[in-house]
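In order, the protein sequences belong to chains V and Y. If you read the first sequence in full-length UniProt numbering, its first letter stands for residue 1, the second for the next number, and so on. If you read the second sequence in full-length UniProt numbering, its first letter stands for residue 1, the second for the next number, and so on.
Here are the simulated lysine-lysine pairs, DSS-like style, with alpha carbons at most 27 Å apart:
no., chain 1, residue 1, chain 2, residue 2
1, V, K570, Y, K84
2, V, K675, V, K77
3, V, K135, V, K402
4, Y, K746, V, K77
5, V, K746, Y, K77
The hints are simulated quantities; they were obtained by calculation from the structure and are not laboratory data.
Number of protein chains: 2
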Amino acid sequence: MDQHEDANHADDVENRGELDGKEVEGPWSEILDKNISIRQPLLRTRTNMTSQIAVIGANVCPIESLDYEIIENELFKQDWRSRKKVQIFQYVFLKWALALLIGLSTGLVGFFNNIGVENIAGYKLLWTNDLMSDKKYFKAFLVYAGCNIGLGTIAGALCAFIAPAAAGSGIPEVKAYLNGVDAPSILAPSTLFVKIFGSIVGVSAGFVVGKEGPMVHTGACIANLLGQGGSRKYHLTWTWLRYFKNDRDRRDLITCGAAAGVAAAFRAPVGGVLFALEEAASWWRSALLWRTFFTTAVVALVLRSLIEYCSSGKCGLFGKGGLIMYDVSSAEASYSGADILAVLFLGVIGGIFGSIYNYLVDKVLRIYSIINEKGASFKILLVISVSILTTACSFGLPWIAKCTVCPTSLKESCPSTGESGNYKGFQCQSGYYNDLASLFLNTNDDAIRNLFSTSTEHEFKISSLIIFFSAIYCLGIITYGIAIPAGLFIPVILAGATYGRLVGRLFESVSELDTGLFALLGAASFLGGTMRMTVSLCVILLELTNDLLLLPLVMLVLLISKTVADCFNKGVYDQIVKLKGLPYMEAHAEAYMRQLVAGDVVSGPLVTFTGAEKVGNIVHALQTTGHNGFPVIDEPPYSEAPELCGLVLRSHLLVLLKAKYFSRERVLTGRDILKKFSPVDFAKPGSGKGLKLEDITFEDEEMEMYIDLHPITNASPYTVVETMSLAKAAILFRQLGLRHMCVVPKSQGRPPIVGILTRHDFMPEHVLGLYPHIKGHK
Amino acid sequence: MDQHEDANHADDVENRGELDGKEVEGPWSEILDKNISIRQPLLRTRTNMTSQIAVIGANVCPIESLDYEIIENELFKQDWRSRKKVQIFQYVFLKWALALLIGLSTGLVGFFNNIGVENIAGYKLLWTNDLMSDKKYFKAFLVYAGCNIGLGTIAGALCAFIAPAAAGSGIPEVKAYLNGVDAPSILAPSTLFVKIFGSIVGVSAGFVVGKEGPMVHTGACIANLLGQGGSRKYHLTWTWLRYFKNDRDRRDLITCGAAAGVAAAFRAPVGGVLFALEEAASWWRSALLWRTFFTTAVVALVLRSLIEYCSSGKCGLFGKGGLIMYDVSSAEASYSGADILAVLFLGVIGGIFGSIYNYLVDKVLRIYSIINEKGASFKILLVISVSILTTACSFGLPWIAKCTVCPTSLKESCPSTGESGNYKGFQCQSGYYNDLASLFLNTNDDAIRNLFSTSTEHEFKISSLIIFFSAIYCLGIITYGIAIPAGLFIPVILAGATYGRLVGRLFESVSELDTGLFALLGAASFLGGTMRMTVSLCVILLELTNDLLLLPLVMLVLLISKTVADCFNKGVYDQIVKLKGLPYMEAHAEAYMRQLVAGDVVSGPLVTFTGAEKVGNIVHALQTTGHNGFPVIDEPPYSEAPELCGLVLRSHLLVLLKAKYFSRERVLTGRDILKKFSPVDFAKPGSGKGLKLEDITFEDEEMEMYIDLHPITNASPYTVVETMSLAKAAILFRQLGLRHMCVVPKSQGRPPIVGILTRHDFMPEHVLGLYPHIKGHK
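If we strip away everything but chain V, and leave its shape as in the complex, we get:
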């Protein structure tokens, strides 16, 4: 441990991009100044982390850590004491008003998304159907393929050129954000724009993708945009939202946004709250639960009134289906012991399929990231290739299926005439239908509805189900990762429902359960096997299908499939977070951390300031390091012995430097600074928009002047003793949402701070890189 005791530095995640793999000893030596103490620079190149990032390639922009701690500096305290009741009321009111706005906007966007998809995809399918029923097969193919590839290219181009961050599901990024990692431009207005329109166009293009992941991301973007008071870039700002310009309030808003997204996508308000709680958010408190609940209630009301409005046919092809997307409540949910055995079997196999899905998605993503890295044109080419493949499957495979005689005593027409419908005619003559076409040549939503449909045991042949399952399972895997907004829920539900129906057909002789309900259980098993959620999936499925009586079986299936899949790998979102190199902090401490202490992982050099510091030193430290937090040490004559005053943030330093409130002598000018500034001046702007050191110029004379750091120093940073178990330090760090944690020495007579721990220092790659021998104990 001796070797580390003195090796200390204030590192943060964001300097990874600059430091990794480079020999950075040069610049450090220059700042060996009396005020900035450096001992034994013990820089370790983070090869593990570097290779981790190399995998995903595109993501070399700096990742920023977020700070959920309240910065209790003197400025804050002064403001706190003088805060009036009306201000507190204003703050609370705005918080609720924002939640309302987030709910309204997300509800509207979700509805707009629905209308867009239903109409674009609907007219495409109608046109194709019409040509098919006229036996103009080749023309139908051209129309269908043309629409698919054209729309796919638009979605790809939007993503590739305007907002690469909009590709994919977005849930992993939102999850990482709520854990405290801000990936570059993940919540930018351009991302929002592309996410909304890219998702509509992409889903309409017939890709095996969903709109739920994108809706979660959209909700988060909307929340961020509203919380920021609009976008400064597009000259849309409200200044009265200044109180929300901090990571803490922003996190709360984005949690609400994510919940609103799920609520809008699945028309499942309670499921949305639970999704945000179980999967997305890392921190939670009951006040937030309530506000999230409010937001999703607003979404539900918006959706309900708009659907009511559309039910009279005012929204084009959109209109069918109320708040329940796939209603199965008409089926009788009676089951016996034999059914439970069948369901156990279904759960186990579903879990295995789910974990294989995760495994393959991970592999495909790694390959795609190499292709996507090569440039926008490669991205679009990949999108077009997948689009061609999807089109070929969905138009080609139905030809394999033999025509089936339409069942008698049907309420709906057979073959179906509209753009959706259970009984697609395809190439079959009148009175016959092609069951495979009913699945392939429909929107994903309609295909799921067909699979969930009850009292239609023999509608789909076993061979057709096998073909559809294989195609959708593979297409789902190869589609995620291309440069379009792509949700994972729908592909998984689609594959799972087909699998469930297949199992239902196989157990037909022993089980009384409806095949539609088997499809629902199959979807549950796949969702459990890939997403690994429990309560939220359960409620979402309940809200999707309105079958409460099946709840015990759904719970059972989710538990089994999750348990089975957990034996093999992690949930799909966790995998993607890891693949993207986002430093996600787990809620629990790893076992090996109990064998290390905090002092073991701090690495040098540490840059500290004195309470009244020379401007030149500060500028130099800011220029030469990427650190975001600097310990402030009070030294004689301002204290008897050197003692830790607190922690000062880079962003706060920049504001103070820009104001140039310097003094010639080394005196404490804190009082004047307190008069001149208010906490609003130090509000944190949106990501990547803060003050930069390059924007400020300094005279030589100014560099020799002094600045009093006390007013902006957080005098209550969370500290741990260097001999504190690393596991306990990690739990403290994670539970309180810290960005910096000060490590203080155990024995007296040493400098008052040993180092600073950041998120990065707790990452397994870092810890196990330092102590490879400990790995075996894991």
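Add chain Y to chain V, keeping to what the hints say.
Just chain Y now, with coordinates in the frame of chain V:
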């Protein structure tokens, strides 16, 4: 601040019973020893807390704090390093096995409870009905009153003589336990016994009480009993559960138990999980969510199969009603703008009624506590009085109602013939029914079912609804607090449903919504107004009534009523927790805490040990203080300067003292101790069952010997610097579930520890008692 810097002591909640109000300076002076340092004893009598306790009177037994921190001492670390995979597997397996057992047992108990109530109350009502239809009114009254008072007396006697802790709902106590406060014998086997049988008898006795609160408590008791490996007192123990003998694992089990209780009471598995999450638990992590979910799934399966079994009439009068207790899904949930306005009105008034309910319950509880304090006979007398009043109301008031003509075209018979039924004949002649008797002379469950019944707009007259509402609202308030197990859910749902139906009748002309659905919304508004939950109530109501389409309105009503009620007072469970004097830690820090620092609230004197301490000093400290944690200071020659080694617990000290592993010289014998003990020796037994100092006798010679405390010293206690904001310290304390928090000095050259903060030190009563002037800033 200077005055507090040196005022420090290691206090804990449990010594309140001993110290409060007494002049305790005497004993302290005796332990002024070279090893036990005391500076400036600054004892403040805690008058605030004392008066707080005096209110509830009966509760003078010591309350114990719980410790959710992992005690990382050398013993633990040694065990951790040598832990084999098979042991970890065993631990995980047992954890799940226990969850399964908790689910099974709670499901069975819940079912048993149902059968008991339905049969006892059912036969009582059948008998009364038969006599009524024979026009033997007085005999019917005697039978009815006799049954009620007899059963009531049994329930009261069980509570008063066997387990006083079983009285009331139990949810506040479980909530406090999960927050870290162990009230005396709250989870004891005798409490469990009385809770189960007392609840059956009490509900059957016709009291306006529910069985859900008691079921939550029952679930928690079962979980505690199973986790403890049975009861030592009754010679039922399994030794292989030793790994679970700590507060942390026990807390997780009890969370599962509480969830299972709700799941069993309402047949609402998802609602149970959410109740545990939103209302009961203070700490939560996703692994626990999953295990809770598993437990409630087991409950759901158990209930479903048993209900299936009973549906063929094998369980006496129990049998009707499947998993959905009050099914309203047959009603069409169509609503327009006018309905939403009506619902808004309903929500606001419901919230006001809810908060008045809380206010009155609080007042009544304060009066009752004075009566109950006087002895068991007074308790029983109070029970009998309330029983007489309830009987008088339920048998007397229906006479006011005029007989109504039976509606034509009914499926069921009118007047009803069974023990339940919508149309009670009471005094009316054939072809007529008494609507008030249909509500009063039924079990509470059946009354709610009648109120929720749809397509029966005119079944209940407005006047009858008003009478029933007034009676039930008042009876609910005066019944809670008497010495029987009494849930609050059912009285609130009953009053709320009546209120909702009343509003429905009033808005009949403008609203299309079914009065049954209005009753549901009324129940939601009352629940929101008293309990102040959101998501969990929403899901519980959904699972109770199976009407997903009404979800947006239910959400709206809950939000409104909670918002309105929050303007007036706190939730009913929080009120009771406060009334009982349980030191509950809120999740957020109070505003005034930001103006204080940790050093401001530590109070003296501090008792510390050296790493190798004299036995006599330890015994003396244990005898003369009630502290449960003592800082251990390493002093020269074992370290260069005095430094904080860690924290040692009273219970661990006692184990070491009992083993008498002493040495004549002041040497470190840690290695030998490590060999001799395993962490299991230090496992925490059930509450109130640990080793006591009186059980150990010491020779004079032994008192002069030394003992090495290092192996049992937690070397990683969470510490805060004395200048840390009190708000931040409180958040750290609460978020990590601590029992002791060390306060260390900021400047060097002082003793290495300033004091210890415990739960008690963060209580508003304590802080505001020390700094009354700060109150205004609140």
